[in-house]
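The listed protein sequences derive, respectively, from chains A and B.
The opening position of the first sequence corresponds to residue 11 in the working numbering, with each subsequent residue numbered one higher.
The opening position of the second sequence corresponds to residue 11 in the working numbering, with each subsequent residue numbered one higher.
Don't read these hints as lab results, they were simulated from the structure.
Among the hints, erroneous ones may be present.
Identical copies go unnamed one by one, so any copy, or any two together, can satisfy a pair.
Computed list of lysine to aspartate or glutamate pairs in EDC-like fashion (alpha-carbon distance at most 20 Å, straight line) [claimed, not checked]:
1) Lys-514 - Glu-603
2) Lys-713 - Asp-545
3) Lys-214 - Asp-577
4) Lys-514 - Glu-335
5) Lys-703 - Asp-582
6) Lys-703 - Glu-333
7) Lys-607 - Glu-575
8) Lys-713 - Glu-377
9) Lys-541 - Glu-377
10) Lys-607 - Glu-565
11) Lys-713 - Asp-223
Protein chains: 2
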Amino acid sequence: MAVMWTIILFGALSLLAAVFFAWVVHRNSPTQGTADEDQAERLLEIAAAISEGAMAFLTREYVYMAAFMALFGGLVWAVVDWQSMLSFLVGASISILAGFIGMQAATMGNVRTAAAAQSSLGRAFRIAFNTGAVMGFGLVGLAVLGLMGTYLLLDQLMAGDSRWHVMEALAGFGLGGSSIALFARVGGGIFTKAADVGADLVGKLEENIPEDDPRNPAVIADNVGDNVGDIAGMGADLFGSVAESTCAALVIGAVAFAADLGALLYPVLITAVGIPIALVSTVFARTRNEQMIESALKRTLVLSTVIMAAVLFFVTREVLPGEFEIGGVQYTSMGVYYCVLAGLVAGMLIGIITEVYTSHRYLPVREVARASQTGAATNVIYGLSLGYQSSMFPVLFIAATVFVGYHFAGMYGIAVASLGMLGTIAIGLTIDAFGPVADNAGGIAQMSGLGSHVRVRTDALDSAGNTTAAIGKGFAIGSAALTSLALFSAFLVRSDVTSLDMLKPAVITLLMVGAMLPFIFTAMTMKSVGKAAMDMIREVRHQFATIPGLRPSFELTERSLQAMETDGLARDLISRLRRLLGRKFATDAELVEAMRKEIGGAGNPSDETLLRRVNLGVKFGRPDYRRCVDISTRASLREMLLPGAQVILTPIVVGYLFGAEALAALLIGSLVAGVVLAISCANSGGGWDNAKKYIEAGNLGGKGSAAHTAAVVGDTVGDPMKDTSGPSLNILIKLQAIISLVFAPFFSHSLNLLG
Amino acid sequence: MAVMWTIILFGALSLLAAVFFAWVVHRNSPTQGTADEDQAERLLEIAAAISEGAMAFLTREYVYMAAFMALFGGLVWAVVDWQSMLSFLVGASISILAGFIGMQAATMGNVRTAAAAQSSLGRAFRIAFNTGAVMGFGLVGLAVLGLMGTYLLLDQLMAGDSRWHVMEALAGFGLGGSSIALFARVGGGIFTKAADVGADLVGKLEENIPEDDPRNPAVIADNVGDNVGDIAGMGADLFGSVAESTCAALVIGAVAFAADLGALLYPVLITAVGIPIALVSTVFARTRNEQMIESALKRTLVLSTVIMAAVLFFVTREVLPGEFEIGGVQYTSMGVYYCVLAGLVAGMLIGIITEVYTSHRYLPVREVARASQTGAATNVIYGLSLGYQSSMFPVLFIAATVFVGYHFAGMYGIAVASLGMLGTIAIGLTIDAFGPVADNAGGIAQMSGLGSHVRVRTDALDSAGNTTAAIGKGFAIGSAALTSLALFSAFLVRSDVTSLDMLKPAVITLLMVGAMLPFIFTAMTMKSVGKAAMDMIREVRHQFATIPGLRPSFELTERSLQAMETDGLARDLISRLRRLLGRKFATDAELVEAMRKEIGGAGNPSDETLLRRVNLGVKFGRPDYRRCVDISTRASLREMLLPGAQVILTPIVVGYLFGAEALAALLIGSLVAGVVLAISCANSGGGWDNAKKYIEAGNLGGKGSAAHTAAVVGDTVGDPMKDTSGPSLNILIKLQAIISLVFAPFFSHSLNLLG
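Required output: the full structure, derived from the provided sequences and hints.
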């Protein structure tokens, strides 16, 4: 009982922490430090548009999710049992709730980060970090309490049934979490990239306006996409991993620890113990200057990993029996600790390697940048091989973890290794969510005309966020691989499969078919983004063509001149500037240039004066942001249908037609090929992105050079790969496995067509 | 004995047929139909340059091969036995010989095809086809006789030893063939693409001269590359497949058929029987017009497939015992027939699917072409997904074949299914080699200034050759997959592994590692091409900058004016044209345009008159072709070192460290991921290539449009994928497997580190 209460206590602590962080963020005014009323109004307006857009997407998605939950829940009921259906529904609902909280926090935090960046980098950093923490702690608290609550509920409802059966029914919880992740990752991934590509291709290339310009109709959709894809998507993905790994460990451990509730709940405890540790680490997340942001973020991660490793040693020894038996084999509690430790360490190592391959501080990305000098083709070739190459060490680390897990605690070892890798999830999610919040803040600053010094600060936050996001992606893939192996193991246990001989015809055949599935899935999701982006491009072009005043827009107004006078600009300079009244400029930079020309060297007003005040004169036709959000929403939900159907139907159909062993082979095939492909996609995309940024930082000819044009091609190719297809592969391998686990009883009716 | 003599007879027939086809090709004069002496001289000169370049590459490669054979042969001797070493050396030597014959034939046939195209499309077609047949029949004859000869030799040398041991030693023959394929496919693949990319990037893009222009220093290297990569590479690849599949089938069958030599030699007989059938089909390879070329080629393939299916029914029933036992399981001769048939049919189906995905007559390629309209990035995205998508059906066909094979005749079934797929190899190789010969002929026609009507004809031949080459690539991958599974099976038999349980830690771990290897290998080979191309680009730029007269080159001479007069051009027009004497033009087209301008509408001379005669005036500085060939040769041999070492060392190291089961898992991991990746690479590349050609044919804006520029990027990305990395993956999966088979005895000393 002590273990159970510890879990509940820590879970509650996590939720309390989330509420606290939310309160801290909310305490900041969304317009703090914004003296000008117009700007303040604009700030609130933009933030509201993003928030509304995000909610519009969620609302629409909820309708689809509800329909899906009803249908699929019914199927689970029909072919498995009502208990599994119940925990499926609970798991799905909690995942939805977690996503909702994350999105609310993000749309609350982004504007406050932007406003705070006006006065202090450190304060902006804290706000973005705390916003991420709302998501991190909220999600982990919900996961832990949800699992415990569902377990207690089922235990009550299934009184008299064995603990083993209770745990099998609990697997539905993981299925629920993972199903929502399908919507969030695949749908969200398509949404965000359709908006991004659409905004860039028309805005930057055709209309020649800067990124995040308020005149671009897709700009709000683009910012909504960051929340939808990177906050809700990543959150649901990792929520699924935790829920599924835990369920897998519980199913496998149920036989061994049926009489010992404390030992049985050990898998939940791993995650719960991570909560106070993560909480302590957040204290060390502080920075004063731009160079320190990244190390501040990484410090919290390393710190919580180290403390976790130490604490778990004692926890494991305390909670698990010194020796125990699973499936006729003897294992030790210390063995289990080694498994958890392997997961923890592998997670860190994968993060480091991911950074080496995707940061332009290191050789691989610089090679891609250099290859851009001979054109787009060589840039693409080098970027693709960077991705392929980068899979080597992560796969070796994952493979080693699998070996350690298997060796020291059999299938149970793999499941707890997975939980070990996810042990730092609260802090991991916090710094993951940090990125999109900072990104959004930058967008809001730009759109509200907060001036360039604010943008410089948010860019610094965003850049650090990009690096931690790359590390987070590595984590997500690694944990997805281990999770899906854990589920695979639990599936075998539930199906009474005790050996899986590759020399059986059905096994080797389905292994080949399984390896093909990630490729088909990737092809579909990549094309989905293409199609959704086309819809967006059409709409944006249409708005530019039809909405009056949307194109030429910056001009000096009487009001901004007055403001400059208040600022102390000499009267004669003001009167010279008056000549510019009524002239329209495509960008604010052009307007400032024209102003400088009028003034000549006289008075030499600071950049600040001109830049800050000129934006008061912004006049633009108001694009219909809502329509763009709507189009991205509809396109993403439409385009996720086919890949979604593939993931959900394949295991059910294969299991029914060919039986459990064949299905197991399919899962392994998908897993081994999917992991490599996912890592490749993510890192190719990250590499291209940063190769472009490396050039934009002034290297190899800088912005506007031929190398830059070539690098933009690679970056655009990488967008759907790193933000849609790659992350969606995590869902593919996990969802196929948990569906197999939950539907295992159904496959006993298999036709066994391959003998 | 009847079976043995039949094999020897058909093998001899094949060699005779090759000699016959060579004689038929050689009978044509290399300058037939070339009235002008200058042109004739130029024709011979260009052909000699290509031939010399090819031989220069081969000679250099032979040095490396000899060193490799000595080293690796020594290793085989040291850790396996001298018998395996002996057959390794024989297999390697025969593969080298087959490649040599193919290259000799190709460099003899290309110039004759070009010359014949001046007078008749049908004749040119026959010459190119017969050239391919020299390769096709020569190679198959050598394979069959080589296998038989080595068997008889070993049988003699190992008198008293069991047939099983003889067959195990014979596996070295396959190893020899496959090792040479490593050089030919990987080295050749890098050579051809380095030359191609180098020639294109500098010639077409920087110097703005047309493809195959004699002023381009890399043009000869490019044409040599077609021979090196597509003739020698493909030949060695398929030679390896036949040799290896046969060895695998012999090793597995040796236990069952030890007493029945006829049944034992059945695997060799399958290939031998294909010889007379292929010979009959060649009679139907005739065409009169351009539209019929492709169907003429396909007709021969379909015909030989159908006859083969019928004949093998009787052969199988005759040669194999009605019922027999392998590894304690009963199989029937009809079951074996089904396996062979499955391979035969799967090969055809894979060919058809490959065409659907890579020909611009069908939707997938047109989608890629359409995506080019929104830029290079969308072109690349769509091309990549085309490749991923295209793996579905081929993998399903291969998987189904594997299942049928396993189901009806266990591991023996997979080996004979592979031989079934390769049953039509003589004709397959013939139409495969047809492509590069036609391609070379086009290049020679262009370089010798044979006029545009000749080029139109060779282009038609080349285009048909491209389609059949795509089909051939599908075949090569499919047979590589089956071959490597067959070898894997033989390896297990030799290592006494009777089950391969994925639930063992070492197995699942190495399975993951194995799946990663093809990606690492692909990354390396793609970058190898990039680096080799850089070397080439530097050299070509250097030559353009330093060789006088290389750049501006076309001008009208007194001689060409005289020729026009002889052709009947009016005297006054000639005198008007005289004004152009001494002016230099970048292309012949520009010169013709200038001529038309001078003439005005007067006399209205036919395009023929102007175009044919203008080329007499070609004057160009002579580039140093030889240096380019040399650079491609050196770069390719240098760049193949790393990927080559990966392929050869991985199985030996893994087998030694972790034992036979772990190695088997590694092989399967590489196989399942490698096949999908190989198909994806090949078809993405093919798709991009034909999307570009579709646009060049005047669609979506045609040549010079923005869509075309975008499509060129995809085509360049696809070049190394389809001609280097993709085909090299065949070698990876086969070579790893045959090394495992041959070194199997060595792994009994394994350290078994993973327990």
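_Lys-713 and Asp-545: within-copy, between-copy, both or neither at 20 Å Cα_ = neither (29 Å within a copy, 27 Å between copies)
- Query: Is it within, between, both, or neither for Lys-214 and Asp-577, if the alpha carbons may be no more than 20 Å apart?
  - Reply: neither (33 Å within a copy, 58 Å between copies)
request  = State whether the alpha carbon distance between Lys-713 and Glu-377 is at most 20 Å within one copy, between copies, both, or neither.
outcome  = Classified as within: same-chain Cα gap 18 Å, cross-chain 32 Å, threshold 20 Å.
Identical-chain pair category, Lys-607 with Glu-575, by Cα at 20 Å = within (18 Å within a copy, 67 Å between copies)
**Q.** Status of Glu-333 relative to Lys-703 across identical chains (alpha carbons, at most 20 Å)
**A.** Intra 54 Å, inter 68 Å, cutoff 20 Å: neither.
Give the relationship of Lys-541 and Glu-377 under a CA distance limit of 20 Å: within one copy only, between copies only, both, or neither. between (31 Å within a copy, 11 Å between copies)
My question is about Lys-607 and Glu-565: at a cut-off of 20 Å on alpha-carbon distance, are they close within one copy, between copies, both, or neither? within (15 Å within a copy, 53 Å between copies)
>> Treating 20 Å as the Cα threshold, decide for Lys-713 and Asp-223: within, between, both or neither.
In response: within (18 Å within a copy, 35 Å between copies)
With identical chains treated as interchangeable, where does the CA-CA distance between Lys-514 and Glu-603 reach 20 Å or less: within a copy, between copies, both, or neither? Classified as neither; 74 Å inside a copy, 70 Å across copies.
**Q.** Alpha-carbon proximity between Lys-703 and Asp-582, which holds within one copy, between copies, both or neither at 20 Å
**A.** Cα proximity of Lys-703 and Asp-582: none, with 42 Å in one copy and 64 Å across.
- Message: I want to check one pair: Lys-514 and Glu-335. Are their C-alpha atoms no more than 20 Å apart within a copy, between two copies, both, or neither?
- Response: Intra 29 Å, inter 17 Å, cutoff 20 Å: inter-copy only.
The earlier numbered hints that this structure contradicts are 1, 2, 3, 5, 6.
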